[in-house]
Amino acid sequence: MSVRIDPLPKEIARVRVARLDALARHGARARAELLGRAGARLLDPTDPLRMEAEERLPQKSGLSPAMARAVIEGMARDWTAARLLGLLEAEFPDPDVLDRFVPGPQGRLVRAIAPALSLHIGAGTVPGVTATSIIRALLVGSAAVWKIVPSDYALTRAFLGALLKEAPELAAMSTGVGWEGGAVPDGVGILFDEADLVVVYGGDETVRSVRERLPVTTKLVAYHHRLSAAVLGRDALAGDALAAAADAGAHAVAMFDHRGCVSPHMIFVEEGNGGSARDFAVALAAALERLRHSLPVGTLSPAEGSAVQQLRGGMEMRAAAGEPIEVHAARDGSWTVLLEPPGAIAPCLGRTVRVHPVTDVHEAVKHLTPVGPHLQTVGVAGLDGARLEELANALGEIGAIRICPLGDVAFPPPWWHHDGQGPLRSLVRWVDLES
Amino acid sequence: MTAPGDSFDALARDLQALFGRGVGGCVLGDDEFNGWALRVFRWQLASNAAYRGYCAGRGATPGSVARWEDIPPVPTSAFKHVRLFSAGQGREPEAVFRTSGTTGGADRRGEHPVASLALYRAALLPAFRAHAVPERGRLPILALIPSSDDAPHSSLAYMVATAMRELGDERSAWLAGADGALDEARLVAALRGAEAAGRPVLIAATAFALVHALDLLAREDTRVQLPRGSRLMETGGFKGRSRVVERDQLYAAVHARLGIPEERIVNEYGMTELLSQFYEPVISAPTTAAAPLAERFHVAPPWVRTRVLDPVTLATLADGSPGLLCHLDLANAGSVACVLTEDMGVVVPGGIRVLGRVPGAEPRGCSLAAEELLKAVRR
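Protein chains in written order, with this note's numbering: chain A, 1 to 435; chain B, 1 to 379.
Please note that a few of the clues may not be correct.
Unchecked claim - Only some residues are given here: those of chain B computed to face chain A with a beta carbon under 8 angstroms: (1) Y54; (2) S77; (3) V82; (4) L314; (5) E342; (6) G356; (7) P359.
Said to hold, decoys possible - Simulated DEER-style distance windows between Cβ atoms: (8) P322(B) <-> I190(A): 35 to 41 angstroms; (9) A218(B) <-> A344(A): 38 to 44 angstroms; (10) G420(A) <-> L355(B): 37 to 43 angstroms; (11) G63(B) <-> A344(A): 37 to 43 angstroms; (12) E212(A) <-> E94(B): 50 to 56 angstroms; (13) A315(B) <-> G272(A): 41 to 47 angstroms; (14) V96(B) <-> T217(A): 56 to 62 angstroms; (15) D221(B) <-> P9(A): 46 to 52 angstroms; (16) A178(B) <-> R213(A): 38 to 44 angstroms.
Hints are computed from structural coordinates only; laboratory data are not their basis. Positions of the beta carbon are idealized from the N, C-alpha and C atoms, including for glycine.
I would like the entire structure built from these sequences, with the hints used as guidance.
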């Protein structure tokens, strides 16, 4: 890994050569094994690289130390050999297809070709995103140039540092380049000209500007803005289930300080059987208050703080004016639970979440429909069997990517269909050899 | 619940008398300001059930609040959803002012019901006079905004109309249509007329309108040398409009095209939610006029006090630390007096420096931008 590039064309040539060298030595399964060894180091709390990441991450990302540890653990869990081999096999029934032609359907031979050079532009919202993107590229066999995003640098550096120790020949396939802002300065334009594939995380504007900058032949994998939600069936309100759902919901809201694409912004609660959305809101507030101590909030930006105060104060005033609204909030502004009837979807910053009572879970689908194109994860509880499948069908139809247990929303497994696409299959190009 | 011995009429009358002492003669000490603030607070608790409930939720009751700093601030967003009117039973607002609706991502406009326009006039005039027309006598006021007839819900239009009536002469004119578009022919004619007449004028404009006026003059390659003593009062940022021009460039262009030098350009900081305004003391205090633009600051009339709050916790910050501006404006007696803005600012010697609207959530990937999502919802 190197960071300051001078001059860039030479560095690009270097990673291209390193790629050829690495691919000649290691097939896809071997790369998964080696990448996994690096990932495992970050799961070891005594490893110096892990310790360094724990120290640097809070400074650069604004997360609290406890949250930084939880993020490192959550991310690195998916960077082990077992998980990466699982990812390979989930994406490619025969992972050798990344190395050579293998028999495919209808008697032909098929091969998956990785982009020789890929460019990865993370967003910096959630640490670990850049490293995950690099890992996917190296796994399929692509040299990876990545944008240095300050808030996501600590974890990227930690992973690549570990890889440098475990498999320097793979680490040599990647290089970081720094530039400011979302626009593409002339100095790094060569990256956009030379890359065979660009992976970009960002706002709709960033994605649009990258798309416009690319030659028409360059493949783009774009992860634009996403919004997540949760839906609770009435069975989640009974007895012990209520506390469990509240804990799971609080964890989902608090993780990444609510900045993740997976962070739920609204939780629809199906009332009935003596359970109410209010019961859930109260339990959720209590759970968030507990997490205030065990998983403290990091540094909120003035924009986030102001948005929370405007939302919270406005809702308190509406409640005082007689609207059916309840506001539960931390004294220090670190979390807010808003209980209100469902209405227009309005995202909220900070650890802020809206709880909406519904009489049937399918009402949630109706309310989420307008944000369908941006809908990502929907955490569920108190639903199973045919009811769950029916709801999942309806959510999938409007745009949801992933329906999962509420407790699992924060960390999707490596083989999830990331924003609707296979995380590795979306990177490669297929070649058919017909006989 | 009633406040014994007080009524809106009595309160408004006493406040008008207070404001009538002017911004120079009426210097309120801490205790005196506190007394006024608590009287207004108690009146608002007594006459406004929503605000009373809001304050109770934050642990603030008439008995528990002894310092104006402990009065719960109302965020500007509340003006979008709840009618914040504190004028007593049976009274209707004399006017309802609306925000321009350009707040990022907002799908509603804020509304400020005004219980007494006389009280508004009493609050706005002394400060306008002190900072824009301190000399005796009238002068032409050229307004580059829609008139108060065309924009009955604009607090700015009402303010300028009041200033025209009290301080303007017969050559004062509204030079923008109801849609805000400049009446180009009349604007150029008015400027030429003022140049020829040889008497100073006051131009009142939003920064946005000013940019368009300067574009027009540049397009026609027109330069006007307005008579010495002319001045410009400009207000408002660009609030998400298409063009943003750096302030020094804007002022340099004003000097070049209109002949008004930087030290005769006053920025006004005001908002629909407040009936008092802040001005840069440049015409009123020529010593500060010479300071570089970056060192400029705003002053409030004595009946307004400002705190700078931590955006996350709302704790009061030490002077010099940037945070959210929170104003207590006695002129808001008929609505809510303590207002939390979305403006970042800092307390400096002599006043406050407004640093601008708190930046929106950065465009962050793998997450959301409230505005973009709202756009998506609206499609």
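Hint by hint, here is what the structure shows:
1. About 4 angstroms separates the beta-carbon of Y54(B) from the nearest beta-carbon of chain A, less than 8 angstroms, and the hint is met.
2. The interface hint given for S77(B) is met, as the beta carbon of that residue sits about 4 angstroms from the closest beta carbon of chain A, less than 8 angstroms.
3. Satisfaction of the interface hint for V82(B) is found here, the shortest Cβ-Cβ separation to chain A being roughly 5 angstroms, below the 8 angstroms cut-off.
4. The beta carbon of L314(B) is positioned within 8 angstroms of a beta carbon in chain A (closest approach about 6 angstroms), and the interface hint is therefore held.
5. Taking 8 angstroms as the C-beta cut-off, the interface hint given for E342(B) holds, the closest approach to chain A being about 5 angstroms.
6. Taken as an interface hint, G356(B) does not check out: its beta carbon lies about 11 angstroms from the nearest beta carbon of chain A, beyond 8 angstroms.
7. The beta carbon of P359(B) is positioned within 8 angstroms of a beta carbon in chain A (closest approach about 5 angstroms), and the interface hint is therefore held.
8. Take P322(B) and I190(A): their Cβ atoms lie about 39 angstroms apart, and the range 35 to 41 angstroms holds.
9. Distance hint check: the CB atoms of A218(B) and A344(A) are about 43 angstroms apart, consistent with the given range 38 to 44 angstroms.
10. For G420(A) and L355(B), the Cβ-Cβ distance of about 41 angstroms falls inside the hinted range of 37 to 43 angstroms, so the restraint holds.
11. Between G63(B) and A344(A), the C-beta spacing of about 39 angstroms keeps the proposed range 37 to 43 angstroms intact.
12. Between E212(A) and E94(B) the Cβ separation comes to about 52 angstroms, which falls inside the hinted range of 50 to 56 angstroms.
13. Separation of A315(B) from G272(A) is about 42 angstroms and conforms to the stated range, judged on CB atoms against 41 to 47 angstroms.
14. Against the hinted window of 56 to 62 angstroms, the Cβ-Cβ separation of V96(B) and T217(A) comes to about 58 angstroms, which satisfies the hint.
15. Against the hinted window of 46 to 52 angstroms, the Cβ-Cβ separation of D221(B) and P9(A) comes to about 47 angstroms, which satisfies the hint.
16. As the Cβ distance of A178(B) to R213(A) is approximately 42 angstroms, the hint placing it in 38 to 44 angstroms holds.
When the structure is compared with the earlier hints, a violation turns up for hint 6 alone.
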